[in-house]
Amino acid sequence: MSNAKLATMFRDVFGSLGKKPATELYPFVRTEAPAHLRGHVVWNSETCTGCGLCAKDCPSNALEMIVVDRKAKRFVMRYRLDQCTFCAQCAASCNQDSIALSHEQWELAALTRDGYHFIWGKPDDIAEALAPKSDNGDKPEA
Amino acid sequence: MSTEERIAEARARLAPFTDAVEEAAPDRLNAPLPVEQLLPAAAALIEGQWSYLTTITGTDLGPEAGEFEVLYHFSSGALVTTVRVRIPRDEPAVPSVCGLIPAASFYERELMEMFGIVVEGTPNPDRLFLPDDWPVGVYPLRKDFDPSEATVVIEKDPAND
Amino acid sequence: MNFFADVIQPILALLVFPGGLFVLALGLVYLWVNRKLVARLQNRIGPRWFQPVADVVRLFVKEEIIPEDANPALFVALPIVGLAGVLTASLYVPLFGMAAPFSYPGDLIVTVYLLSLLTLCIGLAGANSTGRFSLVGVTRTLTQMFSYEAPFLLALLSPAIIAQTWQISEIIAYADGRWLMFTHPISFVIAIIALMGKLEMPPFDAPEAETEIVAGAMTEYSGRGLALFKLGHGAELVIGVALVTALFMGGTANPLIWLAQTAVMLLVLSLVQVLMARLRIDQTVGLWWRYGSVLAIVQIVILIVWERIVA
Amino acid sequence: MINGNVKPAEKFVVPIGPQHPALKEPGHFELTIDGETVTAASARLGYAHRGIEKGAESRSYVQTLYMMERVCGICSHIHGTAFSLVVEKLAGVEAPPRAQAIRVLVAELERIHSHLLWVGVGAHEAGFDALFMYSWRDREVVMDILEALTGNRVNYSANVLGGVKCDVTPEAAETILKGVDFLEERARQYLEVVQSDAMFLRRTRGVGTMTREEALTLGVVGPTARASGVTQDLRKDAPYAAYPDFPINVITETAGDLEARFIVRVKETIESCRIIREVLANLPEGELTTRMPRRVKEGEAIVRLEAPRGEVFYYVQSDGTDTAKRVKVRTPTIANMASVLHLSVGHQLADVPMILAGIDPCFSCNDRSVRLTSAHGNDVWTWEKLRQHGIEAYR
Numbered sequence: 013m014s015n016a017k018l019a020t021m022f023r024d025v026f027g028s029l030g031k032k033p034a035t036e037l038y039p040f041v042r043t044e045a046p047a048h049l050r051g052h053v054v055w056n057s058e059t060c061t062g063c064g065l066c067a068k069d070c071p072s073n074a075l076e077m078i079v080v081d082r083k084a085k086r087f088v089m090r091y092r093l094d095q096c097t098f099c100a101q102c103a104a105s106c107n108q109d110s111i112a113l114s115h116e117q118w119e120l121a122a123l124t125r126d127g128y129h130f131i132w133g134k135p136d137d138i139a140e141a142l143a144p145k146s147d148n149g150d151k152p153e154a
Numbered sequence: 750m751s752t753e754e755r756i757a758e759a760r761a762r763l764a765p766f767t768d769a770v771e772e773a774a775p776d777r778l779n780a781p782l783p784v785e786q787l788l789p790a791a792a793a794l795i796e797g798q799w800s801y802l803t804t805i806t807g808t809d810l811g812p813e814a815g816e817f818e819v820l821y822h823f824s825s826g827a828l829v830t831t832v833r834v835r836i837p838r839d840e841p842a843v844p845s846v847c848g849l850i851p852a853a854s855f856y857e858r859e860l861m862e863m864f865g866i867v868v869e870g871t872p873n874p875d876r877l878f879l880p881d882d883w884p885v886g887v888y889p890l891r892k893d894f895d896p897s898e899a900t901v902v903i904e905k906d907p908a909n910d
Numbered sequence: 017m018n019f020f021a022d023v024i025q026p027i028l029a030l031l032v033f034p035g036g037l038f039v040l041a042l043g044l045v046y047l048w049v050n051r052k053l054v055a056r057l058q059n060r061i062g063p064r065w066f067q068p069v070a071d072v073v074r075l076f077v078k079e080e081i082i083p084e085d086a087n088p089a090l091f092v093a094l095p096i097v098g099l100a101g102v103l104t105a106s107l108y109v110p111l112f113g114m115a116a117p118f119s120y121p122g123d124l125i126v127t128v129y130l131l132s133l134l135t136l137c138i139g140l141a142g143a144n145s146t147g148r149f150s151l152v153g154v155t156r157t158l159t160q161m162f163s164y165e166a167p168f169l170l171a172l173l174s175p176a177i178i179a180q181t182w183q184i185s186e187i188i189a190y191a192d193g194r195w196l197m198f199t200h201p202i203s204f205v206i207a208i209i210a211l212m213g214k215l216e217m218p219p220f221d222a223p224e225a226e227t228e229i230v231a232g233a234m235t236e237y238s239g240r241g242l243a244l245f246k247l248g249h250g251a252e253l254v255i256g257v258a259l260v261t262a263l264f265m266g267g268t269a270n271p272l273i274w275l276a277q278t279a280v281m282l283l284v285l286s287l288v289q290v291l292m293a294r295l296r297i298d299q300t301v302g303l304w305w306r307y308g309s310v311l312a313i314v315q316i317v318i319l320i321v322w323e324r325i326v327a
Numbered sequence: 003m004i005n006g007n008v009k010p011a012e013k014f015v016v017p018i019g020p021q022h023p024a025l026k027e028p029g030h031f032e033l034t035i036d037g038e039t040v041t042a043a044s045a046r047l048g049y050a051h052r053g054i055e056k057g058a059e060s061r062s063y064v065q066t067l068y069m070m071e072r073v074c075g076i077c078s079h080i081h082g083t084a085f086s087l088v089v090e091k092l093a094g095v096e097a098p099p100r101a102q103a104i105r106v107l108v109a110e111l112e113r114i115h116s117h118l119l120w121v122g123v124g125a126h127e128a129g130f131d132a133l134f135m136y137s138w139r140d141r142e143v144v145m146d147i148l149e150a151l152t153g154n155r156v157n158y159s160a161n162v163l164g165g166v167k168c169d170v171t172p173e174a175a176e177t178i179l180k181g182v183d184f185l186e187e188r189a190r191q192y193l194e195v196v197q198s199d200a201m202f203l204r205r206t207r208g209v210g211t212m213t214r215e216e217a218l219t220l221g222v223v224g225p226t227a228r229a230s231g232v233t234q235d236l237r238k239d240a241p242y243a244a245y246p247d248f249p250i251n252v253i254t255e256t257a258g259d260l261e262a263r264f265i266v267r268v269k270e271t272i273e274s275c276r277i278i279r280e281v282l283a284n285l286p287e288g289e290l291t292t293r294m295p296r297r298v299k300e301g302e303a304i305v306r307l308e309a310p311r312g313e314v315f316y317y318v319q320s321d322g323t324d325t326a327k328r329v330k331v332r333t334p335t336i337a338n339m340a341s342v343l344h345l346s347v348g349h350q351l352a353d354v355p356m357i358l359a360g361i362d363p364c365f366s367c368n369d370r371s372v373r374l375t376s377a378h379g380n381d382v383w384t385w386e387k388l389r390q391h392g393i394e395a396y397r
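Chains as they are written, first to last, in the numbering used here: chain G, 13 to 154; chain U, 750 to 910; chain V, 17 to 327; chain C, 3 to 397.
Since the hints were derived computationally from the structure, they do not count as laboratory data.
Glycine is no exception: its CB is placed at the ideal position from the N, C-alpha and C atoms.
Be aware that one or more of the hints could be misleading.
[Claimed, not checked] No farther apart than 30 Å at their CA atoms in a straight line, the calculated lysine-lysine pairs in the DSSO-like style are these:
#: 1; chain 1: G; residue 1: Lys32; chain 2: V; residue 2: Lys52
#: 2; chain 1: U; residue 1: Lys892; chain 2: C; residue 2: Lys26
#: 3; chain 1: C; residue 1: Lys26; chain 2: G; residue 2: Lys68
#: 4; chain 1: V; residue 1: Lys78; chain 2: C; residue 2: Lys56
[Stated by the list, open to error] If you want the footprint, here are the derived chain C segments under chain U, 3+ residues with CB under 8 Å:
#: 5; region: 46 to 58
#: 6; region: 160 to 172
#: 7; region: 177 to 187
#: 8; region: 297 to 310
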């Protein structure tokens, strides 16, 4: 071992004594998430055309598009946060850019699943979509 | 050695066994062979460590076709030479290549448990991936695999407590 | 007969100060300092001050699981015996800058062997619990003990020879103000490194190498037994550091200086600990027998020759 | 199992895993030891088997892409890229040059991440925690870069079929370059450490030595093979994505021991830094995605990629629908696993975790059924019941 030396990391190690630890004090000190972070799904009902590609492509079946009335643009989106893998395929599949992933809502841990089930849409659309068997002829799409 | 030269070399090595070597892609050769010729062909391909066995892929052609196809992928540089062996579904067996390529043991174990193909003469026929209590005779990668057959039995083994 | 001096004082010394509770508490503090220093040297934040205390409390509260094949009495008794050994050793070592409460000719040898009692108990405990990892750990613990024990004793022998006594208090009286670490540098270095071996600190942590044998001999210990071993380990750290400090760093001092001395010592231990990769057990043994013992003997020979020439 | 009575005449078997501090992932090894020397070794895998190959037969290509990213937690990008490339090949579509360059960029960042992680794990197995802590501290830098670039720290999901999702803005390039400079400087420092630290060399030099002949016979891949002097790197042998435009230097060592494996990986980190700079300096302009048909025409395709751990092999058969007929994944770890069993024999027990770590094993890559354990004795779960349970639990 001709080139062997003892304590090759001395500079790093000794230097750290006077340095601030690299540990992030997460819950006490929050750093801002980068702008491209993939967090909670955000749906824009105004621009949505109800094509359902997002739900079709979702690898974890976290999204469900219920079309109440396509002509009147009455759509209901069901989102299961606990199934979502935050892959952003829905955003990539959407031709209208109606879906985005938030970089602000990412601290999503909770003790129960209660808050993880979202139904988005206008209140009467939701009521109609969730009513057992709509009678206006439109079948809810899976 | 360029890929063209490698293709010529692979054809030359496989010439004694088949002349049906086809170029499936610029960097890929297919060599359908009868099962008896698998071992000599593999030996010819790896001779002098010209290529190595990348993996063994089992495919189920379906109950209607009544056959499995086992693909042995040999890589040499950018070229992949696939030796394709078809075997009947009701009596699926291939000879082990472990005598030539010891590293094939894991691939053969996977083939055995996933497709139920008998690999004759493989050094270790134990299960590799599937749980110990996976039911015997249920092969998950077969096309007619019925998930309900795979009941999961959890036995309480006093020795393991 | 003075009742207080003859009865109460020894009992207090044994149970509260400087032995007993005080050593246990100080042991936990030193363990924390060690962990914190290691963490800071690795640019981490390290545990908060109460972490070792919390660990021990938690372990005491936990259910103790005794392996089926182990002898339950032995399983329970060994940690107690080991801890008792260490606490007894604390009575002969000057702690906190004060003279040791007990002293008699030859107490240095007794102290060193009382300290080894803990290692022996851990070894026996591991062998008793019959787990695979424990058994490998035991062979390693004992092998390591046989390798560092001789150099450690030889290293402590050099102050003893120069002071011409086996009694700690007398060696200290001789060492007072002389700082033997400068006149006996080889012994000092060997004593520190052997102490690390005794405490199973990296690079000598092969007996409890977590990536190989989980926790070595103590693998099967969970609740109270593990807590006692932990306490014993802390106390051993205090006593070992105090012993080396007293012998090589100018004898007894006032409590503040003693704290500073031991803190420096802990820093050195932590630095070495951080900078080294773990040695395999065969390498440990080789290191000690090939270099450690030989160097310690060389130091003693130098001392004796020096004595003869000076005398 | 652990508390068996051991009689002196019996073979003394030390089980490592499925839960063991040396393995951060589940795998089971049985080592027969004599004193401290290993005399036999066997392996049992599958504890993280998730049936991904079967799962791929019932999902659309788009959905499978994300499942493939989860073959491995550390090299998720390479699996995503491999699947995208193989499906693009089947469909006769080629992703635009900018997308290919970004794929390379993320792949090289991922390589730095993986190698730094491995240096830490390897050092930890040797009880050298300072190197472990520092290399993992520095790994945070590359993870932050990846998070800023792709949106997540581990499952980057940078790929879509036919391109990539994330773009590199000039400002982002600036940040990446700064981080890469820091990482290169650190990697050079680690190279110094793994080459010269006397205590660490005692644990790595001459340990787990694999000759070139053995390496070729055992069919090892990636840095493990390159440390034994096998010049094999698919980025050079069969360049994919944008590697034809950004040629790499293959790094090899001849010693074949653990030290060589450390050196190869750290040097590859430095090489990756160079490639990243080159990609950023010559990033082609243009679209990020191209149109990708949902149904892929009938056929089969093979793609081989160089993951941080070695060769990744993807074989996909399509039958003209939007679902694959057969997907075969061969990960580098399974190719290297045989070498661990071979090399362990004759070594000290203390060296086995290091030899195992030496190939950078990834068990989740390796195992690609569901098991539910119940504390109440025998319990039979049918798949239907299990599915029902899953549905209930996630309602």
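May I ask which of the numbered hints given earlier this structure violates, with the numbers listed in increasing order?
2, 3, 4, 6 and 7
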